[in-house]
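These two chains come separately, so use the hints to put the complex back together.
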Amino acid sequence: MIDASGAGASLTSASAIVDAVAAGVQSPGRAIEQSFARARQVRAGADGLNAILWSDESAALHEAATVEERGAGQRAGGLAGVPVVIKDNIATLDTPTTCGSHILEHYRSPFEATVVRRLRDAGAVVVAKTNLDEFAMGSSTEYSAFGRTKHPLDPALVPGGSSGGSAAAVAAGIAPIGLGSETGGSVRQPAAFCGVVGVKPTYGRVSRFGLVAFASSLDQVGVFGATVDDAALALQTIAGRDTLDATTIDHAVGDYRKPVSSLRGLVIGRPREYFPEQLDPQIAEHCDRVLEHCRSLGATVKDVSLPNTNLAIPVYYIVAPAEASSNLARFDGVRYGLRLTGDGLRGMYEATRSSGFGPEVTRRILLGTYVLSAGYYDAYYAKAMQVRSLIARDFAAVFGSGVDVLFTPTTPTPAFPAGSKSDPYEMYLSDIFTVTANLAGIPAMSLPIGRVGGLPVGGQLLAPHFAEGTMFRVAQALERALGGDAHR
Amino acid sequence: MSISLEEVRHVATLARLGISDERARMAAQELSSILEHMEVLSRVDTSDAGDGGIAQAGMILRPDVGPPITLVRPPADFAPMARDGFFLVPRLATHEDAEPAP
Chain A
1 MIDASGAGAS LTSASAIVDA VAAGVQSPGR AIEQSFARAR QVRAGADGLN AILWSDESAA
61 LHEAATVEER GAGQRAGGLA GVPVVIKDNI ATLDTPTTCG SHILEHYRSP FEATVVRRLR
121 DAGAVVVAKT NLDEFAMGSS TEYSAFGRTK HPLDPALVPG GSSGGSAAAV AAGIAPIGLG
181 SETGGSVRQP AAFCGVVGVK PTYGRVSRFG LVAFASSLDQ VGVFGATVDD AALALQTIAG
241 RDTLDATTID HAVGDYRKPV SSLRGLVIGR PREYFPEQLD PQIAEHCDRV LEHCRSLGAT
301 VKDVSLPNTN LAIPVYYIVA PAEASSNLAR FDGVRYGLRL TGDGLRGMYE ATRSSGFGPE
361 VTRRILLGTY VLSAGYYDAY YAKAMQVRSL IARDFAAVFG SGVDVLFTPT TPTPAFPAGS
421 KSDPYEMYLS DIFTVTANLA GIPAMSLPIG RVGGLPVGGQ LLAPHFAEGT MFRVAQALER
481 ALGGDAHR
Chain B
489 MSISLEEVRH VATLARLGIS DERARMAAQE LSSILEHMEV LSRVDTSDAG DGGIAQAGMI
549 LRPDVGPPIT LVRPPADFAP MARDGFFLVP RLATHEDAEP AP
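Line order of the protein sequences matches chains A and B.
Everything in the first sequence is counted per the numbering used here, starting at 1 for the first residue and increasing by one.
Everything in the second sequence is counted per the numbering used here, starting at 489 for the first residue and increasing by one.
This is chain B alone, in the form it adopts within the complex (with noise of 0.2 Å):
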């Protein structure tokens, strides 16, 4: 299994990751590499095995009940940016051109 330069960047982007040329160059390598390994898996006969359990019938739901979890101090105070009790990010891409928030 090898996988491309651009699957690293494709993967990269999925998971928010910005990397360089070069380590997207080691990353392609290093990922072959491992998956290889992996490839012993595609001769196992799992036709009895069933789905492993990630196909259940819906997901199993528990009663939404248990104390609070108390924090000692309010999420504003140790996120990076916060006020009023949201927390503040760079504006969207797609907001570029609305009126910047008073």
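Just chain A, with the same shape it has in the complex (with noise of 0.2 Å):
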């Protein structure tokens, strides 16, 4: 819903805009007019957020218009005249995709990733394209070639990442729809830093026609959403097969809208290697809360083990560095990008690379590029693998055991200092709840449930594969018996 209607008001609901223009009492280009207003008045570029690397008023203004032209109702579409952003490693036609690196800095897409022109049919609009940590490789947006996001509630602090800028964008009242992408928790840590809901779907859900490549076997796109309902809208809207991407499975996309007001006859499982004695004992509480929520609202709450859990971290910084060290091999100057010159071919390769690549993404890629080499790929890739398929193991037991849904916190702090992790594995550890989902290829989302010192705080659920419906049913649930505390 639009909360004011003067210049600069926060965008907060896409059902309250789609219902709007639908009814006839608001143009396609009005929501658009007041997302441009809103990211004037929090300062959204560069010279304050940074969550926005790329925008055209006029240009997102005209497309509105085509919008408005298509008539109202369903030929409008289901996102007509909401405002989306689109996290910079998704590539927009003829517009920047930066990927966040000097790599990429002047590169202009000549196609278009399917979930952009999914929403786009729609009726939805494009309004940003948003900052993100290098290649999609970070946790807290620091490593964008471009200058870091800063948190929308306090500058001094990070806004999460990899898609930080989105999430950033979605929190400050610019879009009430981003698209971000998950390797590793980057949509769920970063809207669980600023207090919005973030969704990591099923692998092969989503098509990834038009994301930049990270790490293949657990890059998918994901939403963030103002409202559980908002991210529910855009999940729907993007989702399903896609001939353009062979890893999409042909699977029906459920209505995951549905109203609910009982989990009664649901399975909760509260696994235990997500509530360590470390944990803030804040977040904890507030995590006892919404499961005592479950249990009001019918649910049965049970504890259950995913024995592998500690594993996660180490398989992860193994198996995504592995594979980024080879997506990333296309960057070589020579079909699009920077070229540098240096001696000869190779001269020219390395000239453009060493340029080109910040420093977490070179680590990553020497990472990578060690653990498969020559007598080192058993003891490290391989092993991961194996351990890999261990983790996954845990949670199909556990669902096999009858639990519906998994529910831990999204994060083990709440959003911390800009520079306050130089450890790379000390960066690594804030993932350690959320790169369990893409190791098992299971959906999952975070959704606000509470403040600790002021600070948004994540609770995650984690359903089996294309069980989203499920998931997003005991989310609406939540997030109606929270109402205000969620924020608080």
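Treat the hints with care, since some could be wrong.
Where chain B lies over chain A, by a calculated footprint (3+ residues, C-beta under 8 Å) [to be verified]:
1. 147-153
2. 315-322
3. 325-337
4. 348-362
Simulated from the structure, these hints should not be mistaken for lab results.
Think of the CB as a built atom: it goes at the ideal place given N, C-alpha and C, for glycine as much as any other residue.
Here's what the structure looks like:
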């Protein structure tokens, strides 16, 4: 809903915009104007939050006018007039897709990602490309070549990452829907830090055509929503088989927006490994309150175990860099992007890549190349893939025992100060509760469940493959039960 | 696990990354430190874990079908250097004595 009519008002719900456009009381361009006014008010660009890397107001208003020309109702689309922000590693036609990297700084995509096309076909209007850790490698959006994104509530803090720009933009009320990408928690972790909803779908649920590849066995496009309903609306718009992405699965997309009043009959699992003794006691308290709501709503809460959880970070930081080292070989100065001259062809490769990639990307390429190299492949990569299958088995066993959905904290702490994690492995531990879903390929989401020290805290739901519908059902019921407590 | 400077240089060559001596020394420390945390995996019993899906009997193939990917501009338009439908690159060291291209 638009909570005030003046310039700079926060946009807080996609469904309210859709309803207003469908009823003819608001033109599709109205929310787009509001979005740009809000972005100016919160200084979303490089001189402020630095959440937005690119935007074009006149192009967005022109796009809104074409939505209006389609007419009202179904013809206008299920997201008619809704402003959306897109992480800048997702291709948008003839506009920048930088991946937060100097190596793609001047690249203009000659094609569009399927997820962006589906949003536009539904009447949504892209208002901004958003900042990210370079090539989505990071947990704080500090590793962008174009400067760090600041937390909307406190500029000294990080918004999380790697999709920190989209999370901050949705939290700041610039758009009620955003796209991000998930390899190890890059939507859920910033969603938790910024106090919005973030969803990682099942592997194969959403097309990756046009998503710049990082780690192909893990990557998925994810969605941010100002509310659970907005996230559901966004996901069911982009989900489903795509002939341009062979990894998408032809599995029916359900209605993720069914209203629910009860969780009767559902079993919610509480995995003990996600509630370690050193967990912030206030985060633990918020989680206990959520589980109490689950019981009040009729669900059964059951303690369960996922015994290989502590191995997830070592596995992830072998598998993801290994795949990244292969995927990022394509940035060599030959076909697109930056080219620097060096001594012959090899010198060109080395000069281009060394200058174009930042320190974290370089670190991961080196790490990934090392674990795939002769003599180390079996000890690191092959072993990590075996342990990965044990982690996936843990989830299969718990879900096979009758548990419908798991509930955990999304992160071990709220947002942390910028520059506070100089040790790379310490930064990697930010993802400790989120990487498991990527390794197992299951859907997961984060929703706001309260605040600690004034900062948002997220609760995470994890579900079996393609059980997004059940996951959203629980999320909607919890969002309603928590009410204002989710944001205080 | 400790990675030597020579190993970092070798890996950088494999990855086609030119890195300075100072950066290589830093990378040796960083990678050694990160890989220490990975050592825990060597102690995990994976005897019944299978191969993690990395050594299946042959590649899984699908029909090579689907709509063409439509580009609004040809590759030559966004390549750093292109001519006659080909990407131009610096001369290979093994061909330095060859006649220059017309």
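Which of the numbered hints above does this structure break? Of the numbered hints given earlier, the structure breaks just one, which is hint 1.
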